[in-house]
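Participant: This is what each chain is made of:
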Amino acid sequence: MAIAIAFYGRGGQGAVTAANLLVKAAYKTGKFPYIMAFPVFGPERRGAPVGAFARISNQEIFDRDKIHNPDIIVIMDPSIFKTANPTGTLKKGGIMIVNSSEDASTLREKYGIPSGTKIGIVDIVKICFEIKLLIDDNTPIFNTPVLGALASVLPQIPLDTMYSAIKEHFPNPRVAELNAEGARRAHDALVTS
Amino acid sequence: MTSGGKQEAEDASRPVPPARETLILTGNHAASFAVKAARVQVISAYPITPQSPVVEKLSEFVEDGELKARMIRVESEQSAMASLISASTTGTRVFTATSSHGLSYMHEQLAWAAGTRLPVVMCIVTRAIGAPWSVWPDHQDAVSERDTGWIQIFCEDNQEIYDTVLEAYKIAEDERVYLPVAVCYDGYILSHTLMPVELMSQAEVDKFLPPFKSHLMLAMSMDDPVGVNPVTVPEPREGFPAYMELRHRMQKALEGAAAVMEEVEAEFAKVSGRHHGGAVRSYRLDDAEVALVGMGSCSSQAKVAIDDLRAAGIKAGVLTVRLFRPFPKRQIREVLKGKKVVAVFDRDVAYGLEGALCAETKASLYGIPDPPYVHGFIVGIGGRDFTTENAIEGTRLAVERSRNREIHDETTWLNLMEGE
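Residue numbers (this note's numbering), protein chains in the order written: chain A, 3 to 195; chain B, 8 to 427.
It should be emphasised that the hints constitute simulated quantities derived from the structure, not laboratory data.
Every residue gets a Cβ at the ideal spot worked out from N, C-alpha and C, and that includes glycine.
Treat the hints with care, since some could be wrong.
[Stated by the list, open to error] Facing chain A, according to a computed beta carbon distance under 8 Å, are these residues of chain B, among others: (1) ILE31; (2) MET202; (3) SER304; (4) GLN308; (5) VAL311; (6) ASP392; (7) PHE393.
If we strip away everything but chain B, and leave its shape as in the complex, we get:
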């Protein structure tokens, strides 16, 4: 190339993008760094254990001028979400984080954010819900909000938290989606645990995640005020859709969101070199006859059991469900078809039924020929440990009960103490 010399000289004069950096971070701080990298513009939050360090770190970034965002201090989580709904409606990129009772207190506004089709992103640092009082981890808070229309993604480690927050904005702001996304991770188990996290350079993040372009209909400003979400009657009127059509569109957007998430993951992998599997992630499942299924800390811990299970003659692998809403029925069906036994470990209870993940895994497999035998287990409630031994015990029991395809309507809880 004749102009090679000139080209080289030009390249040398360009500023070198700051290199990637690996820091040892808690899960909470991994989330904060991702929010900073996403150039979030409005943050609103109320403190609650074990979430608070996420927003404390963000407030440091804002004070230091490292993040040009408006930090709104509110008197409750309900107001935190309400203020973000307003901010998002004006076309800004927004963030909050909460846990447990804080999330419950947001419930009404969660439905409002989803129904307005706003790309709000929130971290749910999962924690048990009272009564009785508990500050320890399980998935009950997030799972209890599954029907509000939010997308929910669960993480297994701190790198995944960082990466998923970045992906969450890209998914939420995709015009085929326009829905809020919750990035869920286990309180304490990840939130307060140090792990290495590779931070992308700002240039890489900017390339992956360009500035938010708002939903055109809703780009509100002080000069051109519009009313949002007026009373919406049962039948369409004067060219405006009715409630049922709008809700139908929301469900259609959710039905398509898993495919969007997979596209976003592929794009993220190109930039970062990391791919977390999309809606679900498999671990040693290819040749497996038995699948252990879980989310977050449960699926991670289950992986530790695989060597022992295989040594004992149970050909097992693990399916991590990353995307809990929309529930990835097709992906789960594809991975689990042909397996003999599926043991689902839930760190939550759909009270009065069984573990939520178990019920939905069963529903996903309905109608396929020769379906696997599915058995659910309730584990790790309110911070009780979910150990490798528990995963092995559950899997063995599921395999044993599968021989006669036993049906058990009552739930099976592992690691109960005091003679329960």
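Isolated chain A (complex conformation):
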């Protein structure tokens, strides 16, 4: 079983960290001894469109190309749809997770997401402001809540395993706890249709 996940966001939103933490959590489950996570290699600057990829598998992974046909697409920032809409690359039967305050029918209409394509929506911005998961009191942190949302569509990686990957990443226990709370809320709030 091999699962490919593509993350799209803007520089500073943590697409790369989300991919890295996801594969670490996947590895921890013991069900995915083969993992890889890598960024889309390009100029690095805050605000620029960025992507990151993750492959998790129970068999050796030989792929060394980009992920062209992901099972899951994570849209950290809906403005990405306007610059490079990745909807068409989603594998048949795959799911698209979108951080948005809008509902599924609005997103489908605005960004041409076919009715047959599964969407999971979670308003990460709202969650971040609720629990103060913010940089400089004003910038939401997307990467750890995204992991919670992924845990709800990837039953092979329980939320608890996501927590332990998050806690290893943040040495400060208070920060770790806050990020884990963000993940938990996003997990619970994800609405799929």
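Guided by the hints, dock chain B onto chain A, whose structure is given.
Facilitator: Using the frame of chain A, we list chain B on its own:
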């Protein structure tokens, strides 16, 4: 055994060697951990993308006191290699890493390190060479240095990077070799990609790789200075060999290095439990009629194509060329003899000819009876993806052209865009 009880008590009092540990590491950091485990004494480097994290991590290890090494900060790659040549001459274990233009800038010193027969080990995090400017991966930088006398080994995954760096010291420091070794791996594709890497315990590494004992002639010290590499005249004089004899010895050492590498691999396998195949590695080739050949990311990606090719009636397998210099002619001949078609995927161009790996694979097969039909493809230049579909497309074309043993003097490039 009567003394069994005493023996047990003694064993229990010994310190338990720290267990192996699996970390999720980028290819660059896998290299850094191997360099630390090898107890390298002198590191000298200049930053360049995508190599820099290798040396950044090493500098952390040195600062934290985890690695007792001297870190020399230099103003260029040329100086990085020059300083390592000096350090290695005094009998220390040395390391550097570079990419692309940094490697090109070292060119003169690369020849100097090899000609002096010094066991310098370097990671080449492979990247395209300008112009035009590119920071993305292909194999052009490493391949362009193939004639300097360095041993070059290419890796397919991060575990192989860790293991190969350790093997590289053992090969380089073998008295039958005494040559510098470059451990090459694809920039970004491995350098910035996380994968699980099992680190050996320090005790295991120490057992495999004892401290470096220098080439006796060159163990220089401040108390007993000697001149190295004076003007060396065309004919031997006063019992000293001439340039041509010294170069002949270097080539002989290279000719024997593949066999040494295979010995080192066998020894490494005993300690680590992992064997990467020696000079070349086969994947589903035993019953194959068609072989896909490549290095690093190319051969790895080609493996993904095998199920589809076989389902389409093409009995295919993959040959990974790990050792690019010295070129493992015998090993390649042995694996490819009897195959019908060989498709070589090069992430480089020997400009004006064809892919370097393709040209050399053909040369290795010269003279054998009923040789396979060999067709080369240029792929993945300057970070362009080399996909499973490209591997399938190339293999199909090679099989088709083999039917009439067509000769194509022009190169075939896959995944070109914009109507090229």
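Participant: Any hints from earlier that this structure breaks? Give me their numbers in increasing order, please.
Facilitator: No numbers; nothing is violated.
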